[in-house]
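When you line the sequence shown up against this note's numbering, it's residues 5 to 221, in that order.
Hints listed in this document are in silico derivations from the structure and should not be mistaken for laboratory results.
One thing to keep in mind: the hints can contain errors.
Claimed, not checked - For lysine-lysine, the following PhoX-like pairs were computed, each having C-alpha atoms within a straight-line distance of at most 25 Å: (1) 71 - 185; (2) 71 - 31; (3) 185 - 114; (4) 44 - 106; (5) 87 - 30.
What the hints assert, rightly or not - Taking CB as the label site, the calculated pair distances span: (6) 133 - 109: 21 to 27 Å; (7) 154 - 217: 24 to 30 Å; (8) 202 - 107: 42 to 48 Å.
Glycine included, C-beta positions come from ideal geometry on N, C-alpha and C.
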Amino acid sequence: NKFTSSAYKKFIPHPIYDIFGEKSDKKIALKNLGLNTNDKHLLFFGFVRKYKGLDLMLKAMADNRIKELGIKLIIAGEFYDDKTEYTDMISDLGIAKNIIMKSDFIPADKVKYYFCAADMITQTYHTATQSGVTQIAYSFNRPMLVTDVGGLAEIVPHNKVGYVTSQNPIAITDSIIDFYKNNREEEFSLNTIKEKERFSWKSFVHGVDELMISVNK
């Protein structure tokens, strides 16, 4: 058989990951990680590679509005790029006191604490198709900020479970400020509970069944 653009297609989102345990209370998660329970925390999670756009997030963190609110960025994951490129950027931008670096391997039983400690999960990617980080965020009902690349905007409805922004650091900052100034964490978190129903394994299997029925007609 040859591939053809006229073949039947169906968008079937990857189901959420439910292998990292039950959702933890935020204060318990923060204490488990040794973090201040009174601070505001964003999370950048996963292997650090150039396409994942940590540089964009660091530039956004340098905005004076972020500094004034005392927002911290947790970077949790191993570096697959030269780490000094990012540590030098952190130093040059003058944001060291706003960065919490956890660059060792993250054991599976610790993953839930990072997600549950964060107010919002950030994925400021340069390029992407989809991201497993998004599905983990859904499993813990965490709001998300993603850039408008690949399929991320299809998975994260703008102003419903979080934000879809351009790759401009100012636009990223604008969304972060809106999130905190307008206390949108609870609203977005509740919406993730409804939205993630379409990412259940039941929905996935149903979608595959429908695809196979259409293909075999």
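Right, here's what the structure says about each hint:
1. Of the pairs offered as hints, the one joining residue 71 and residue 185 holds, with about 14 Å between alpha carbons and a cut-off of 25 Å not exceeded.
2. Restraint check for residue 71 and residue 31: satisfied, since their Cα atoms lie roughly 22 Å apart, inside the 25 Å limit.
3. Between residue 185 and residue 114 the alpha-carbon distance is near 30 Å, which puts this suggested pair outside the 25 Å criterion.
4. A hinted pair counts as satisfied when its Cα atoms are at most 25 Å apart, and residue 44 with residue 106 qualifies at roughly 17 Å.
5. This hinted pair does not check out: residue 87 and residue 30 have alpha carbons roughly 29 Å apart, beyond 25 Å.
6. Our hint of 21 to 27 Å for residue 133 and residue 109 holds, since their Cβ atoms are close to 24 Å apart.
7. A hinted range of 24 to 30 Å holds for the C-beta pair residue 154 and residue 217, which are about 28 Å apart.
8. As the Cβ distance of residue 202 to residue 107 is approximately 34 Å, the hint placing it in 42 to 48 Å is violated.
Against the hints set out earlier in the document, violations occur for numbers 3, 5 and 8.
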